[in-house]
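**Q** These are the residues of each chain, in order.
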Amino acid sequence: MSFLGRVVEWFTTASHWQGDAGALHRLSEHVTMSAGAVVVAAAVALPLGVWLGHTGRGGSLAINLSNVGRAVPSFAILVIAAQLFGIGWQPAFAALVALGIPPMVTNAYVGLRDVDDDIRESARGMGMTGFQSLWRVELPVALPPLMAGVRTAAVQVVATATLAALVAWGGLGRFIVDGIAQRDFVQVFAGAVLVGALSILTELALAGLQRLIVPQGLRTRETSKNEPFRALVAGEMATEMRVNP
Amino acid sequence: MLVGAAASDPWVRWDWVARHGDDIWAATRQHVELTLIAVGIGLLLSFPLALLARRWRWLQSPILSVTGILYTIPSLALFAMLVPWTGLSRTTSEIGLVSYTLLILVRNILVGLDGVPPDVKESAQGMGFGPGRQLLRIELPLALPVILAGVRIATVTTIGLVTVTALIGQGGLGQLILDGLIRDFRTPLVVGAVMSVVLAVFADAALAVVQRLLTPWSRR
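The listed protein sequences correspond, in order, to chains A and E. In this text, residue positions in the first sequence follow our numbering: the first is 1, and each later residue adds one. In this text, residue positions in the second sequence follow our numbering: the first is 246, and each later residue adds one.
Hints are computed from structural coordinates only; laboratory data are not their basis. Everything hinted at is true.
Now the stretches of chain A that chain E is said to cover, found in silico as 3 or more residues with beta-carbon under 8 Å:
#1 65 to 73
#2 159 to 173
#3 177 to 184
#4 187 to 197
Label pairs and their calculated CB-CB ranges:
#5 A:Phe131 - E:Arg378: 49 to 59 Å
#6 E:Val439 - A:Ser28: 30 to 40 Å
#7 E:Ala271 - A:Leu4: 32 to 42 Å
#8 A:Ile87 - E:Gly266: 24 to 34 Å
#9 A:Leu4 - E:Phe430: 36 to 46 Å
#10 A:Gln182 - E:Thr331: 16 to 26 Å
A few chain E residues that face chain A, going by a derived Cβ cut-off under 10 Å, partial list only:
#11 Tyr316
#12 Leu321
#13 Leu323
#14 Met326
#15 Pro329
#16 Thr402
#17 Gly405
#18 Ser441
#19 Val446
All residues carry an ideal CB built from backbone N, CA and C; glycine is no exception.
Given these sequences and hints, build the entire structure.
**A** If you want it as structure tokens, here you go:
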């Protein structure tokens with residue numbers, strides 16, 4: 001039987017889906033871990049980035065954070081977290097939260113900074129307080145870049161959760177890591193397909209969410225053109241490109 | 246499975262570092278090679294892709310979507326999908342690494358070329374520049390800052406991803422990290438991680454210098 005035939009067979013074998021080592025359980029581990037990490041990271045990163053952007057303080061910190069984050073390999077973060085927190089879900093969770101924070105801080109900061117001063121002044125002129133202006137005017141306007149940061153972070157977290165199999169945690173990475181160890185490339189391939197599909201679904205789901213929560217009036221041509229996958233680097237590019245006039 | 250933090254194990258044992266200077270150097274060199282090849286091939290592929298997307302606008306969306314999907318698939322998964330065909334080899338790592346540079350590079354080349362002001366292009370045409378000469382002499386130089394910004398992101402990203410290729414038998418400094426993980430010995434792990442960060446920071450700084458030298462007009 002051809003290799004791909006054996007992969008199809010893997011997917012159609014019920015026992016590969018059931019039980020604690022089955023694909024469904026691994027999938028739910030992967031999703032729970034990733035979602036938890038993104039939520040915790042967002043709870044830290046978004047208020048920080050929004051506050052920095054609103055007040056205009058700590059700009060270089062906010063922008064350099066994601067540059068530094070990119071320079072530190074996620075594999076290294078995970079392995080070092082395992083040395084700090086021992087084995088199990090804790091090191092994986094800690095590493096994923098740490099990875100999720102930088103892109104969200106940077107994009108929230110850039111989004112808030114990029115709000116037109118005229119818009120801020122109009123909000124002031126209408127008698128809004130600083131907080132009202134932030135909550136009712138600046139945040140909605142900054143939502144597209146902010147969400148781009150959330151998407152970048154979420155996809156990165158889902159990707160790195162795959163590596164967590166190396167520090168003795170579950171998730172879909174188990175199929176890949178165990179498969180490589182056992183030279184069972186059918187299992188490796190099946191695991192890779194599952195992980196790839198989950199990442200793409202994550203990106204699409206968050207793109208859909210963004211479409212739902214960005215107010216209609218703010219869906220400029222640019223935002224609606226922001227097809228899935230394209231926004232992935234849009235946030236990063238926004239920060240990189242400020243260097244150039 | 247593999248890990249259990251030994252409380253007594255110090256983060257860095259300098260005597261190990263001193264004895265394994267050659268190994269660290271070899272790993273660093275492999276890391277640099279894997280990165281250079283990936284970014285080099287990435288650039289060679291990205292330029293034609295970006296030019297195609299510019300020439301025929303309808304191609305832009307499929308090109309960016311496909312490179313976007315490649316960028317979205319986790320590195321380990323992408324390597325794993327290639328293993329049945331190209332084995333646990335350098336080819337497998339390079340295909341994966343190149344795939345990750347494409348979205349960043351194509352996008353930045355496109356954005357850079359789009360940023361050339363229309364009146365500049367008109368002047369070039371007015372001076373009798375054909376499309377090829379206009380691209381090489383006028384548009385590419387003006388787009389260079391944005392393109393090089395993309396090269397910097399792609400390079401730093403690749404340096405990080407190379408560590409993951411340790412799992413398919415390559416990896417450069419990732420080998421040291423994996424080695425530390427498997428033997429539960431912190432020193433190689435810390436050395437591999439620190440050297441990888443140093444490499445990324447150094448590469449970024451070096452490319453920033455290149456950017457300054459190549460675009461003297463953009464200095465303020």
